Each structure stands twice: as structure tokens, then as C-alpha cells.
Amino acid sequence: MEQHDKIMPRRFRGGLKLLPNKIQSTLTPIRHVPVPDRLVIPLCQHIGREAVPLVKAGDKVLKGQPLGAADGDVSAPVHAPTSGTVESIGMHPIPHPGGLSALCVVLRSDGQDQAIDTGLACLDYLSLSPEEIQNRIQRAGITGLGGAMYPTAAKMSKAEDRGIKALIVNAAECEPIISCDDMLMREHADELITGIQIMLHAMSAPRALIGIERDKKRAITALEKALAKIGDERIVLRKIYSIYPAGGERQLVQVLTGQEVPHDGFPQDIGYLSQNVGTALAIKHALIDGQPLISRITTVAGKGVHLPGNFEVRLGTPIADLVAACGGYHDGAEAMLMGGPMMGFSLTDDRLPVIKGTNCIAVAGPSELQQTDFAMPCIRCGKCAQVCPAHLQPEELYWQIKGGDLDKAAKLSVGACIECGCCDYVCPSHIPLAQYFRYAKAELSARDRQQQKSQLAKHRFEDREARIRIEEDARQARLTARKKRLAEGSQQERERQIAASVQRAQAKADTGAEPDKDFGQ
Amino acid sequence: MKFETQFAPHLTPSGSVRRMMQRVLKALIPAAMAHVYFFGPGLIFNIVVAGGTALAAEAAMLRLRGLPLRPYLLDFSALVTAVLLAFTLPPLTPWWVTATGALFAIVVAKHLYGGLGQNPFNPAMTAYVVLLVSFPVYMTSWLPPLNVDIGIAHPGFGDSLFYLFTGHLPAGQAMDTITAASPLDVTRNQLAQARNYSEIKNGPLFGNFAGKGWEWIGIYSALGGMWLLYKGVIRWQIPSFMLLGLFVTAAVMYVLNPGAYVPSGFHLFAGATLFGAFFIATDPVTAPISPRGQKIYGAGIGILVYVIRTWGGFPDGVAFAVLFMNMTTPLIDHYTRPRVYGHD
Chain B
1 MEQHDKIMPR RFRGGLKLLP NKIQSTLTPI RHVPVPDRLV IPLCQHIGRE
51 AVPLVKAGDK VLKGQPLGAA DGDVSAPVHA PTSGTVESIG MHPIPHPGGL
101 SALCVVLRSD GQDQAIDTGL ACLDYLSLSP EEIQNRIQRA GITGLGGAMY
151 PTAAKMSKAE DRGIKALIVN AAECEPIISC DDMLMREHAD ELITGIQIML
201 HAMSAPRALI GIERDKKRAI TALEKALAKI GDERIVLRKI YSIYPAGGER
251 QLVQVLTGQE VPHDGFPQDI GYLSQNVGTA LAIKHALIDG QPLISRITTV
301 AGKGVHLPGN FEVRLGTPIA DLVAACGGYH DGAEAMLMGG PMMGFSLTDD
351 RLPVIKGTNC IAVAGPSELQ QTDFAMPCIR CGKCAQVCPA HLQPEELYWQ
401 IKGGDLDKAA KLSVGACIEC GCCDYVCPSH IPLAQYFRYA KAELSARDRQ
451 QQKSQLAKHR FEDREARIRI EEDARQARLT ARKKRLAEGS QQERERQIAA
501 SVQRAQAKAD TGAEPDKDFG Q
Chain Z
522 MKFETQFAPH LTPSGSVRRM MQRVLKALIP AAMAHVYFFG PGLIFNIVVA
572 GGTALAAEAA MLRLRGLPLR PYLLDFSALV TAVLLAFTLP PLTPWWVTAT
622 GALFAIVVAK HLYGGLGQNP FNPAMTAYVV LLVSFPVYMT SWLPPLNVDI
672 GIAHPGFGDS LFYLFTGHLP AGQAMDTITA ASPLDVTRNQ LAQARNYSEI
722 KNGPLFGNFA GKGWEWIGIY SALGGMWLLY KGVIRWQIPS FMLLGLFVTA
772 AVMYVLNPGA YVPSGFHLFA GATLFGAFFI ATDPVTAPIS PRGQKIYGAG
822 IGILVYVIRT WGGFPDGVAF AVLFMNMTTP LIDHYTRPRV YGHD
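Same order as they appear, the protein sequences are chains B and Z.
Residue 1 is where the first sequence starts when you use the working numbering, and the numbers rise one by one after that.
Residue 522 is where the second sequence starts when you use the working numbering, and the numbers rise one by one after that.
Take the hints with a grain of salt, since some may be wrong.
Mimicking DMTMM-like on lysine to aspartate or glutamate, the simulated pairs with C-alpha atoms at most 20 Å apart in a straight line are [said to hold, decoys possible]:
#1 Lys402/B <-> Asp854/Z
#2 Lys523/Z <-> Asp405/B
#3 Lys523/Z <-> Asp349/B
#4 Lys523/Z <-> Glu334/B
#5 Lys523/Z <-> Glu368/B
#6 Lys441/B <-> Asp405/B
A short list of chain B residues far from chain Z (calculated; beta carbon distances all over 12 Å) [unchecked claim]:
#7 Leu19
#8 Asn135
#9 Arg186
#10 Ser242
#11 Leu433
#12 Ala446
#13 His459
#14 Ala500
#15 Ala507
On the chain Z side, residues computed to face chain B include the following (Cβ under 10 Å) [what the hints assert, rightly or not]:
#16 Met522
#17 Lys523
#18 Phe524
#19 Thr526
#20 Ser537
#21 Tyr593
#22 Leu637
#23 Gly677
#24 Gly679
#25 Met747
#26 Tyr751
#27 Gly834
#28 Leu852
If you are wondering where the hints come from, they were derived from the structure by calculation, not from laboratory data.
Keep in mind it's a predicted model, so treat the numbers as computed, not measured.
Don't be surprised by glycine CBs; every beta carbon is placed ideally from N, CA and C.
From just these sequences and the hints, can you work out the full model?
In C-alpha cells:
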């Protein structure tokens, strides 16, 4: 067998044992949220370039029909989650840490939920070439559903060129409260395995490692059962310790393979590709059922809602509808997050739509979340460094960033920070460390872009200078050539005149008798 | 519905400076009880004087620096400094000596360097050294431990208080009639007179492992320290490597010349070794951050304690060893950064 079977660190250095708080949302099966009357579908629900709208106001669309086309390689199309009429296309607020607005298609449902034939399905997917499967995954608008939203096909095609040793299926779901992957595995284990098989084929990968936190007992049972039924020896289930952030891509690769992902690279660079279980299921839906990515499973949790649970929800559904499906808010609902309590971000409004990356909506009850607190000075206790899964010394980075020395912070590899928030959580001085690091990373990448821009401008300037110089040189050359020609020309002319006058004199001398002598004397 | 925003992570933090400091104070209780048992109520007086002075000085400095009083006074860091200092003082110490020490620790060693988290030197040890240099007589007049029959009676509660306020004993008593040299001093002096340890340890001041009384304060300090380890307030690297450094150095010297040196076990239980290992050397502000750095730092302190005890002229080596190693902390930090994930 391969090398990664021998080196098996069952955990990574750092991380935290956190209370999972997942029971509340896993008591009931996955429920369905009714299709709302009005859906707001952002054209950019992925990392990369915004999709180009394919419809205009007044257009009738069917469920699964593309509303926007991918713009370039790192982009993804979006599809109509139900049938209806396009009401408008315009700027609407989207779920985003910065509270941004973006171009969205507003769809009025006709209640028919009538589907279009997408042509994505192929019952015998093995007859398709890997390229064709990737192509269909791209056409289905599938992005990473773990929350990162990177277009899946783009990730695959990049990886395939390098040769893949193993597909890493991320089933860890380490963040507290979130349980959508857990429920997905309990209820859709067979489909999930099919999705993994399709991915293996699409990447010509020899094996798949499913990394799952060992306290997800029911999901593990379901997967084991499904694996026994399907009997595919390429797919191996690996139970890992429940330590946050075990589901971080780099941490999971390290735990499952014993190898570290290079800081300036991706798992693909060392022969691994990681995909979330939700993504695998979406691929199965696309390739077998012919359904593009128009819905997802989302956890709604927290003390702020009556009946937490997991929901199959159409993309574009207002979060308020999701909350209504949970029986509405408790009186003390204080804050709303997209994602979990460690890495999720605050939402200001429940009219925002569910998007491809919405793995969880957390509605916090009274005193469930951190209260804005007075930050004490750092006492160098080093707890932050103990828990950092990137093996950074957050305390040191904090000093540098606070002192404004971003160069030093960059030198100390602030870029390796995965923003998991472990340091922040354990800091006895309650310093918002994660926020400092997000700031530094954003600032540094902005500076990089600025530098690239000015580098580009400099190159452009230098090119222009060079071009001008070349043109000038050419002009000079032409000029001298002409001068020379002129000079040479006048020489010839003089010689010609001299020759002519000599001739004339000769002629005179020939006709008259020695006239020159008279003159001469 | 509209909601307020906040930054991730959103979970309530797991601890606070205040709780850490409270735990340090709690962990000192067993050692304090042993101290009182063996050396009388002096420690309590010293804690009251040092604590009161430290809190007043802290409040005054915070005021001067325009910082909010409440969060900083309630973080208990000034109190921890004061209590640690009180532990280092002889049971009979006039109040002004104690107060000077506490004042120096808080005002000079802590706030003049920028306050909590900024001081390069351990404030309690800095103050101790300042007192040792300024008031050598007071600072070296230790009572013999209780239950040691060397013909010295302990002053009572009233006499102790009288001494605390006046610096004199009641009429008819003299300081040198009630104090005795510490076991470490005795050992050093007698070794210098070419007596070896097996003879010395039969003296009345010596117990099972080291000095009577002292050894128990050490053991109870270690118990408190274990609890701090368990609670995650301190880490194992510094205490272990300090004890290891001291033990190994002492063992090597003893093996080379058993007549001239003291066995390792004595050093571990003598003087402030265990107290220092768990409560002084582990001060996070002045110690290195990385596990590797902490090992070097701890081992350095251990070796220096041995060197100062054996060849120096001071009653114990812990304070100086810690302060010396404090100086090296930035250097150690610089050279012991852990390898970052995914970097070569």
C-alpha cells in the first residue's frame, strides 16, 4: 500500500476541544422548506468571477434552467431553483462578512416547480470521460459546499493535471452547532458514496479517504453500511479525533496522510484533493439525477429559534423562511450568524437569501455569544500558540500588527493563519486576535495587489520608454541616412557639375583655338 | 428582523486574566499554610502589608497613566505580585521594608515598564533583590522553623506585630537570639569548613530532604503547582526543566566530589527551589513563549540556581537566576520560534 497508510498521526498539533452542541439540531430528520414565492439568487455564490446573466426581467424560466453563465474558468453558473418569472435583475444585499450588495436575479415562483431537462444526467457515468464529467460538474454550478464555495470543477481540473494520490472527503464537520453534513451522511449515505465514486472517476484518482470525527456515531454507522453494500474498496472510512478545526483542509490532510500542505500551495500540490460531503452529494444529484445545484442542506441552530434542525432549502430562499420553518424566533434572539460560532460571520438582516455556501444559520439566544469585552493587555501566557493549528505564535504576530509592522507580521507567516479563531477563544485577555490577523492578511494582500499594479505600471512605463527610444533611434537613423544620402548626393552633384564644366571647357577648347591661353596671359 | 454584528469567533472566551490570577492565589494556599505553621503568623502580616501597598500603588499608577481602575485592579495581578513577594520575606519584617518592596515591584518594575504584560523582569523578584541589597540585615534574619529545638523561642503573635510596626523586639529580646541561619547558609558555611554533607545534615535544622519546614513549604508549593498545571494556568516545561537543570548539575558535581558538594535531592527541596519552579519561573510575562524556549529557560534557571547557591554569596539563588534568565527571554524567543505549518 501507499506511504500514507504507515504514517498515521491521528491528530494534529494545536486545536481545541469544544462542546459540539449538535444534538439539538440532529433530533429530527432533514425537513423541507417550502419553495417561497419570491427568491433572490445572487449571480456570485462562489469564489471567482460573477456569473453573466442569461435572462432578463419578464423571462419565464424553468427549474434548473441557467440564470447566469460562468465567466471564465474560476466561476460557476447559477440556476433557477424553481420555475417562475424573472421579476428583475439588480443589486441586493447578499450574505457577506462585509455586508455587500451584489447583482441578483429576483425570481417570482409560479408554484409549478416545473423542471427543465438539463442534460446533465448520465446513468452510466463510467462511459463519460473524466473531462466530460468535470464539464458537467461545472455546468451544474457545483461549488465547495463546506462553506468555501470554490468552483469544484476548477479545483478538479487543476488537481488532475498533477496526478492525484487520493481524494480526501471532508466529513469532519468540526465547527460547533453545524450538523448538516452529519445529517446528510445519516440520510443520504448511499448517494454520497455514489458521488465519491463519480469524483474518483472524474479525477482518475485511485482511492478516497473519508475523514470523519469519531463522535458522529450514527453517520459512521450509516456510511459503513453503505460502503458494505456498495463494496468499493477504493473508499476508506477514517475516524479522527473530534478536535476543532479537524475539518480545516490543511489539518484534515495532515491527519489523514501525515503530510503538510506547503504554505504557498494547495493539497493538490502534494497529490491530494479535498471535497466536502455536500459537494459529493451535489455531484451525484447532477450526474445521476440531472439536477444542477439549486438546493442544499442547511442547519438552523441556536437558542434563538424554537425548533433547531436541518433543512433542505432552495438557494435564494430568504433566511426568514428558514427560521419560520423552525417555528420562528425565541424572544431573546440576539444575533444571527452564517456558519458556526468559530468562523461564521454576523448577518444583519433575515431577508438575506440562502446561498451555496450557507451551511448553517445560527440564531443566538441571550448571552449565548461573546459580549463585546474590554481587552486586557497580552500577558504572554502562550495559550494562543498552544492551540494554533498553523503553529504560529499569535501573541508575537499581535504585537507586530498592533505596532503597525505588517512586514514583520508577513515575515512571521501571518499568511499561514487559517482564521480558525482558536487563539482568540483561549486568550485570557480577550484580545480580538482573529480580527487582527484578518486585518493584517487583508491589508497585506491589498498591498500586494497595489504592488503588482505599480509593478505593472512601472513595466508599462518602461516599455513605453523603450518604445519611444526605439522609435527615436529609428528616426535618428532615418535622418542620418537621409543626411548622408543628401551629403552623398551633393558630392555627386558637384562632381557631376565639375565634370560638366570640364566637358564644356573641353568642348570650347576643341572648337576655339587656345582661347584659354589668351585669358591666361 | 435586524441584528447587530460582531466579529468571529463568537463563543464566549474560555478564561480570563482574572481567573488565572485567582487560581495562582488559590494554589498558594497550601504553601502559605505550611509557611504559617512552621514560621508563625509573619507571612500573614507580610501579605497584608504588601497586598495593601501593592493595590494602592497599582491604583495610583493606573490613575496617573489614565487607565481604567476597575478591570486592572480586579485582574488580581498586583495582588499576586504582592503575595509572591511576601513569601520571600522573613516572617519578621518591619512594615516599611515590606511596603518599600511592594511599592518598588508595582511602580518601578511593573508600571514604569508599561504595566501588565510589559515588564521584562519579574516584579516580585526585582523587589526582593532590591530589598536584599537595601536591607540585608532584615532580609536575612530568618526565624528557625517551629518544633526545632535549638533553644530559641518563637516570638508570639503580639511580639511579632510589635516588631512589624517598630522594627524592634520588646525589651529584653534581641534579634540574634531568636533568629538562626537558614539551612542553605549553614550548609555553605560548613562545607567551607571542610565538613561533608552527611555530617551537616545531622544538624537540628535539617529534616528529611532538606531544611526542616522549608522542605514542606516546597512540597506544598509543588502540590499547588500541580493543580495549576492541571488547570492549564502554567505549563510543565519551565518547572520540569528548572528542576532537571538543578538536579543534573548538582548530581554531576556531587559525583565528581561528594566531599565538597551537596547531593541533588537536597537542592530540590531546599530554599525556594520548588516554590520558584512553580510560581516564580512560570510567570508568563517574563518567560519565553515556545515550549522549546521554555525548556531552555527553565534549564538555565536550574543551572544558575546551583551556581549561585554553591559559589555565590547570597542566601538563595532563585531570585537572581530568574532575573538573569529574564534577560535572555527575548533572545530565546527569537531563536526558538516553532516551525510554521507548511513551511520548511
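Which of the numbered hints above does this structure break? Numbers 2, 7, 11, 23, 24, 25, 26, 27, 28 - these are the hints that the structure violates, sorted from lowest upward.
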